[in-house]
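**Q** The primary structure of each chain is shown beneath.
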Amino acid sequence: MIVGKVVGSVISTRKSSKLVGNKFMIIEACADMQKESCRLVAIDPIGAGIGEYVLVATGSAARIGSGMDLAPIDAAIVGIIDDPSEL
Amino acid sequence: MIVGKVVGSVISTRKSSKLVGNKFMIIEACADMQKESCRLVAIDPIGAGIGEYVLVATGSAARIGSGMDLAPIDAAIVGIIDDPSEL
Amino acid sequence: MIVGKVVGSVISTRKSSKLVGNKFMIIEACADMQKESCRLVAIDPIGAGIGEYVLVATGSAARIGSGMDLAPIDAAIVGIIDDPSEL
Amino acid sequence: MIVGKVVGSVISTRKSSKLVGNKFMIIEACADMQKESCRLVAIDPIGAGIGEYVLVATGSAARIGSGMDLAPIDAAIVGIIDDPSEL
Amino acid sequence: MIVGKVVGSVISTRKSSKLVGNKFMIIEACADMQKESCRLVAIDPIGAGIGEYVLVATGSAARIGSGMDLAPIDAAIVGIIDDPSEL
Numbered sequence: 001m002i003v004g005k006v007v008g009s010v011i012s013t014r015k016s017s018k019l020v021g022n023k024f025m026i027i028e029a030c031a032d033m034q035k036e037s038c039r040l041v042a043i044d045p046i047g048a049g050i051g052e053y054v055l056v057a058t059g060s061a062a063r064i065g066s067g068m069d070l071a072p073i074d075a076a077i078v079g080i081i082d083d084p085s086e087l
Numbered sequence: 001m002i003v004g005k006v007v008g009s010v011i012s013t014r015k016s017s018k019l020v021g022n023k024f025m026i027i028e029a030c031a032d033m034q035k036e037s038c039r040l041v042a043i044d045p046i047g048a049g050i051g052e053y054v055l056v057a058t059g060s061a062a063r064i065g066s067g068m069d070l071a072p073i074d075a076a077i078v079g080i081i082d083d084p085s086e087l
Numbered sequence: 001m002i003v004g005k006v007v008g009s010v011i012s013t014r015k016s017s018k019l020v021g022n023k024f025m026i027i028e029a030c031a032d033m034q035k036e037s038c039r040l041v042a043i044d045p046i047g048a049g050i051g052e053y054v055l056v057a058t059g060s061a062a063r064i065g066s067g068m069d070l071a072p073i074d075a076a077i078v079g080i081i082d083d084p085s086e087l
Numbered sequence: 001m002i003v004g005k006v007v008g009s010v011i012s013t014r015k016s017s018k019l020v021g022n023k024f025m026i027i028e029a030c031a032d033m034q035k036e037s038c039r040l041v042a043i044d045p046i047g048a049g050i051g052e053y054v055l056v057a058t059g060s061a062a063r064i065g066s067g068m069d070l071a072p073i074d075a076a077i078v079g080i081i082d083d084p085s086e087l
Numbered sequence: 001m002i003v004g005k006v007v008g009s010v011i012s013t014r015k016s017s018k019l020v021g022n023k024f025m026i027i028e029a030c031a032d033m034q035k036e037s038c039r040l041v042a043i044d045p046i047g048a049g050i051g052e053y054v055l056v057a058t059g060s061a062a063r064i065g066s067g068m069d070l071a072p073i074d075a076a077i078v079g080i081i082d083d084p085s086e087l
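Protein chains in written order, with full-length UniProt numbering: chain L, 1 to 87; chain E, 1 to 87; chain U, 1 to 87; chain G, 1 to 87; chain C, 1 to 87.
Careful: at least some of the hints might be erroneous.
Since the list can't tell identical chains apart, any single copy or any two copies may satisfy a pair.
[As the list claims (entries may be wrong)] No more than 25 Å apart at the CA atoms, straight line, and that leaves these computed lysine to aspartate or glutamate pairs for DMTMM-like: (1) 23 / 86; (2) 18 / 82; (3) 5 / 82; (4) 18 / 83; (5) 18 / 86; (6) 23 / 52; (7) 5 / 32; (8) 5 / 86; (9) 18 / 44; (10) 5 / 44; (11) 23 / 82.
Everything labelled a hint here was simulated from the structure, so no lab data went into it.
For reference, chain L alone in the conformation it holds in the complex:
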């Protein structure tokens, strides 16, 4: 998984029906966890707020781990970091 900060969100009205009801948060990966690129978009089943540091799973883990096996999701917030100063 990677740790990153929620820095914004995007809205997509015309989208796959399997994505309806999801929030799309923009995550900026922590500098030393910049998995290929510094930002990515993740769904947020946990309910993190802008500015919070979160744990993000990518790949099939995002879809299956969020109970949305058939949805086109490859990144999901799976936890909120208690104390980002420990990073």
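Since the structure of chain L is already known, use the hints to place chains E, U, G and C on it.
**A** This is chains E, U, G and C only, laid out in the frame that chain L set:
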């Protein structure tokens, strides 16, 4: 997921029979979401146009999320961004 | 998916029995689609020739999309580009 | 897989219910195995300690290989290196 | 897939029970196939020796292609290159 701009398309007549009927759009990932490389090819079940900013899922999510589980697809447009100026 | 040029092939006699019968083509990804590295090896169920530009799927899509679900394949040529000058 | 050193851990109280009971260890990949970024977060079913060098599997192997098929896990410690000086 | 050279091995006594019986070889990817990082660890069901050039599959293909579907394996040697001078 990543956000990118539709910058073109490619045509492949001699291809896997499981890909027939799909459009292959060239996506240029937003600068800060350049997942490994700045461009990739994605199928377009949503119907985005050239110049539009789109949400792209990669990996098994692309195949399964587009309802084409058995097709050789590793990237798919899954939504069109309402307001790219928010990015 | 990525687009790349077929630049050669490799031969492996001592290999997984599940790979017997496959050709292993060396693909050089187009400069702006250099997914992590500029070259990779893909199987070629389509029958592309050296010098042709091809569409390549990676990950589980390569295995499943080529009907070789149980084979150790993570990249496959899935189409030949009609007009590479459009890239 | 990659080899890395356990350099810390993160705590996430508000998280996916499927992650409860897991430790989240920060792994710094060995310099020449820096898979996309030098750090990542992995679960630790093996019980490695801070400072130990570990073998880490990523992708679906992490979830399935740890017997947590339905959990949002994309990286897991799967072994502790006997003699890191051999690396 | 990628092509790389077997440059060493690592031993892990305390490991996932699903990995018992496997050799863990260190592979240095060929310069132009450096998938994200130049080295990785792969299991070796084929029996390659140190110094040999091998074909490596990564991701779910490694696990499933090696007949170890439930093991935490994300990279596997799947063939030995007949003539590395062709690379």
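**Q** Each hint should be assessed against the structure and marked as holding or not.
**A** Evaluation of the provided hints:
In this assembly of identical chains, residue 23 and residue 86 lie within 25 Å of each other by CA distance solely across copies; the values are 15 Å between and 27 Å within a copy. With identical chains, the CA atoms of residue 18 and residue 82 are at most 25 Å apart between copies only, with a shortest distance of 18 Å across copies and 31 Å within one. Within a single copy, residue 5 and residue 82 get their C-alpha atoms as close as 13 Å, and across copies as close as 23 Å, so both meet the 25 Å cut-off. Taking CA atoms no more than 25 Å apart as the test, residue 18 paired with residue 83 passes between copies only; the shortest distance there is 21 Å, against 34 Å inside one copy.
In this assembly of identical chains, the alpha carbons of residue 18 and residue 86 lie at most 25 Å apart only when taken from different copies (23 Å versus 36 Å within one copy). In this assembly of identical chains, residue 23 and residue 52 lie within 25 Å of each other by CA distance both inside one copy and across copies; the values are 15 Å within and 20 Å between. Both within a single protomer and between protomers do residue 5 and residue 32 lie at most 25 Å apart by alpha-carbon distance, with minima of 13 Å and 14 Å respectively. When the C-alpha separation of residue 5 and residue 86 is checked against a cutoff of 25 Å, the pair qualifies both within a copy, at 14 Å, and between copies, at 17 Å.
Within a single copy, residue 18 and residue 44 get their C-alpha atoms as close as 15 Å, and across copies as close as 15 Å, so both meet the 25 Å cut-off. With identical chains, the CA atoms of residue 5 and residue 44 are at most 25 Å apart both within one copy (13 Å) and between copies (23 Å). Proximity of residue 23 and residue 82 under a CA criterion of 25 Å is satisfied in both settings, with 22 Å inside one chain copy and 13 Å between copies.
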